[in-house]
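Enquirer: Each chain, written out:
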Amino acid sequence: MMLPSVDALAAMVPDGALVAMPPDNSLPSVAIAKALIRKGARNLRLLGVPVSGFATDILIGAGCVAEVETSAVSLGEAGFAPRFSAALKEGRIKVRDATCPAIHTMLQASEKGVPFMPLRGIIGSDILANRPDWKVVPNPFAENGSDPIVLLPAKQPDFALFHAAMADSEGNVWLGRRRECATIAHASKAALVTVERVVEGNFLEDERLASGAISATYVTATAIAERGARPAALLDEYGFDQAYVSDYARAAKTEEGFRAWLDREVFAGAQKVAAE
Amino acid sequence: MSIALEERLAATLARLILDPSAPPARHIAVGAASPIPAAACWLVRLMGHPVRLSLLHKRSGNPFTEGTRELFDLTGQGRIDLFFLGGGQIDGQANLNLVGTGDWPGMGVRFPGSFGSAFMYFMTPRTILFREEHSPRVLVEKVDNISAPGVSPPGVFRRGTAQALVTGKCVFRFHPDRARFSLESLHPSETVDSVRAATGFDFDVEADIPATPDPTEAELALLRGRVCDEMAETYPEFCKRVWGRTRAA
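Same order as they appear, the protein sequences are chains A and B. FYI, in my numbering the residues of the first sequence are 1 to 276. FYI, in my numbering the residues of the second sequence are 1 to 249.
In short, the hints are calculated from the structure, not lab data. Remember, predicted model here, so these are calculated numbers, not experimental data. Wrong hints could be hidden among the right ones.
Heads up, simulated BS3-like pairs for lysine-lysine below, C-alpha to C-alpha not over 27 Å straight-line [what the hints assert, rightly or not]:
# : chain 1 : residue 1 : chain 2 : residue 2
1 : A       : K94       : B       : K240
2 : B       : K58       : B       : K240
3 : B       : K58       : A       : K89
4 : A       : K112      : A       : K135
5 : A       : K135      : A       : K39
6 : A       : K135      : B       : K142
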């Protein structure tokens, strides 16, 4: 389903939804994050796959988020995520820490439709100590000794949100080698995808494009959002905008600075588009 | 041109990568916020050692075609030989804290988070710990929260742990059998006492501690030339700061 705007995509996400997003190096839809802020989304539960970046920080700062499950929240070279850190300290969000492969594994269990999957490592870390939903069992196939191993429950997000380079006439989307977005789409009840452009044809009919495509089977709705990943990079199409993120990191050190940034970059932009 | 600390650290890490007493490093993965370890890996490679480098955040020519989970799948199988980890806190048993200080989940100072450390530290045959800041707030007696433990009880599957800890002041070797660090070498102007004063954990001093060797002329030439060329796309700020080089057109 092709929607007329990114705001129409964001309108599909109800308050309280479990929303999975990739971080800044793997095609976040910052355009949807900004649209969620404009619509005044509340109590979202964010899942960072496997970590979280810029989009998560602005959603938290704007008061859209109740809970974050992730393996880290960072602005990369621009440092710690300021609104995330502030909200955690003030007790405004619940944070459930994981470790990267655990998040991938919980989604892969959903992809397969099995209730859990095992993962090595983790035992003895305080991550495990703070995850009553993760269990340690003896490996039933062990030949010698008990061999404890962690079992992780399947996790099915309500929505996968990400950005892709293009959609085709059939509703397939293409994002090259960033296959973690395919895992998120496969595992989620619905995927909402912003794209730079829509092209004629069917990616699945093209041997060179098919392996970088996500079938329309998994894609609930798309909308065009040019530069929709910005300030994150999009494949070989545009690079990471370090100056924009560094500017944000400085502004968002204070609540006041963040509000001014939000007015300028999220709300004023929308008014300008509406006026055009 | 004098030797920059970053160059000394990169050359030191390169020597640890090539340490003949450690398991072989045929395939090394390097994360995003790791320009000095990345420089060390490129140095090893450009000195002619056959090593595969998977740079996780390389935008053009990224090594993975199955998304970021491919790194963890490869590591799960034992196909990544060496990884680098740091920590907001590192303690004397090589426990790492990337979550934060105070009560869980970092109610004192929150660090970004554990990333893949709780898996990678177990599943990689060896890990080189790297943290440039060497101070009592980073190198603590006991971490407030454990993102990844330095040692595990018998029976817990684990391929390896820390080989060494490299800081801006010295190199420590880790001994998993006794879960302690020993001082291996001192960077210029440091002494055993100055390192003790800056370290929150107790460590062993086994004999006269040698100086950390200077990078050789050949290593410096490579770092300032071809290593910088290779790194400019992924670490532009680092290359500019250390070598005054902006990305080649």
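Enquirer: Compare the structure with each hint and give your call.
Expert: Evaluation of the provided hints:
At most 27 Å may separate the alpha-carbon atoms for a hinted pair to count; K94(A) and K240(B) exceed this at roughly 39 Å. Of the supplied pair hints, the one linking K58(B) and K240(B) holds, its CA atoms being roughly 18 Å apart against a limit of 27 Å. Distance check on the hinted pair: K58(B) and K89(A) sit about 33 Å apart at the alpha-carbon level, beyond 27 Å; violated. Taking the CA atoms of K112(A) and K135(A), the gap is near 19 Å; set against the 27 Å cutoff, the hint holds.
Distance check on the hinted pair: K135(A) and K39(A) sit about 38 Å apart at the alpha-carbon level, beyond 27 Å; violated. A C-alpha spacing of about 26 Å is found between K135(A) and K142(B), which places the hinted pair at or below 27 Å, so the restraint holds.
Going down the numbered hints, you'll see the structure goes against 1, 3, 5, while the others check out.
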